[in-house]
Amino acid sequence: GAGVSQTPSNKVTEKGKYVELRCDPISGHTALYWYRQSLGQGPEFLIYFQGTGAADDSGLPNDRFFAVRPEGSVSTLKIQRTERGDSAVYLCASSENYGYTFGSGTRLTVV
Amino acid sequence: KQEVTQIPAALSVPEGENLVLNCSFTDSAIYNLQWFRQDPGKGLTSLLLIQSSQREQTSGRLNASLDKSSGRSTLYIAASQPGDSATYLCAVKRNAGNMLTFGGGTRLMVKP
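Residue numbers (my numbering), protein chains in the order written: chain A, 1 to 111; chain B, 1001 to 1112.
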């Protein structure tokens, strides 16, 4: 596609529920990143994929967070047993060579 | 661990002013530095990317400089316009690994 697409744009869920956030990167980009941005702060790294494999998952805060990219294109960020502290904007970016292209993000609100 | 700081956190200027946004980083072993713009409720738009071997990059009214040895970068905006109002984020990419480390951003408001 022309840009990085993230769905849904907004998600409200109850504490304790499971959510999935989807990222569709730019076609042909092998690198894909997930970041989390809390209000008034810069994005924080979560996980990086090179192709199908997670090359660096050191930013995932705990084992409730998991991400997959089974065919090396679309990626899904999965959060189990959501907590109110998980509320943030989740940003996805894809990259080829030097620059990054970010999606518009999914705003997750846990109530 | 790399830490990126942006000063000021917020800035309000009248239209037409030239202004400078500052970014500092603690580990000078970087691969590149990138400046982004973020509008409310939107993703990040890349403005300028400076490789570690470069000193500056220019795009229109924007000029970004990099002093790797002192761990600093500045974003210069000439003749500011109300449409420049947004949050500006700088981010560094390490030599090892591919993640970006972001600063907290500078929220800029340009008043007509």
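Derived from the structure by calculation, the hints contain no laboratory data. We put the beta carbon where it would ideally sit given N, CA and C, even for glycine. Some hints could be false.
[Unchecked claim] Some chain B residues judged to face chain A by a derived CB distance under 8 Å, without partners named:
#	residue
1	L1044
2	L1048
3	L1049
4	S1052
5	S1053
6	R1072
7	Y1076
8	A1086
9	L1089
10	L1100
11	G1103
12	G1104
13	G1105
[To be verified] Among chain A residues calculated to face chain B with C-beta under 8 Å, some are:
#	residue
14	Y18
15	P43
16	G51
17	T52
18	A54
19	D56
20	Y100
Here is what the structure says about each hint:
Given hint, B:L1044 at the interface with chain A, holds; its Cβ is 4 Å from that chain's nearest Cβ, closer than 8 Å. The restraint placing B:L1048 at the interface with chain A is violated, with a minimum CB-CB distance near 10 Å, outside the 8 Å limit. Among the interface hints, the one on B:L1049 holds; its C-beta lies about 6 Å from the nearest C-beta in chain A, closer than the 8 Å criterion. A distance limit of 8 Å between C-beta atoms decides the matter here; for B:S1052 the minimum to chain A is near 11 Å, and the interface restraint is violated.
Annotation: B:S1053 was flagged as interfacial toward chain A, and the flag is violated, the nearest CB pair being 12 Å apart, outside 8 Å. A hinted interface residue such as B:R1072 counts as satisfied when its beta carbon comes closer than 8 Å to some beta carbon of chain A; here the least separation is about 17 Å, so the hint is violated. Interface hint status for B:Y1076: violated, as the beta-carbon distance to the closest one in chain A is roughly 20 Å, over 8 Å. A hinted interface residue such as B:A1086 counts as satisfied when its beta carbon comes closer than 8 Å to some beta carbon of chain A; here the least separation is about 14 Å, so the hint is violated.
At a threshold of 8 Å, the smallest CB-CB gap from B:L1089 to chain A is about 5 Å, leaving the interface hint in force. Annotation: interface hint on B:L1100 holds; nearest CB of chain A at approximately 7 Å, less than 8 Å. This hint holds: B:G1103 has a C-beta 5 Å from the nearest C-beta of chain A, less than the 8 Å allowed. A least Cβ separation of about 5 Å between B:G1104 and chain A falls short of the 8 Å threshold, and the interface hint therefore holds.
Because the beta carbon of B:G1105 sits about 5 Å from the nearest beta carbon in chain A, less than 8 Å, this interface hint is met. Nearest Cβ of chain B to the Cβ of A:Y18: about 25 Å, over the 8 Å cut. The hint is violated. Hint status for A:P43 relative to chain B: holds, with the closest Cβ pair at about 5 Å, below 8 Å. A least Cβ separation of about 13 Å between A:G51 and chain B goes past the 8 Å threshold, and the interface hint is therefore violated.
Nearest Cβ of chain B to the Cβ of A:T52: about 16 Å, over the 8 Å cut. The hint is violated. Interface restraint check: A:A54 against chain B, minimum CB-CB distance 12 Å, threshold 8 Å, status violated. Among the interface hints, the one on A:D56 holds; its C-beta lies about 6 Å from the nearest C-beta in chain B, closer than the 8 Å criterion. Interface restraint check for A:Y100: the shortest CB-CB distance to chain B comes to about 6 Å, inside 8 Å, so the restraint holds.
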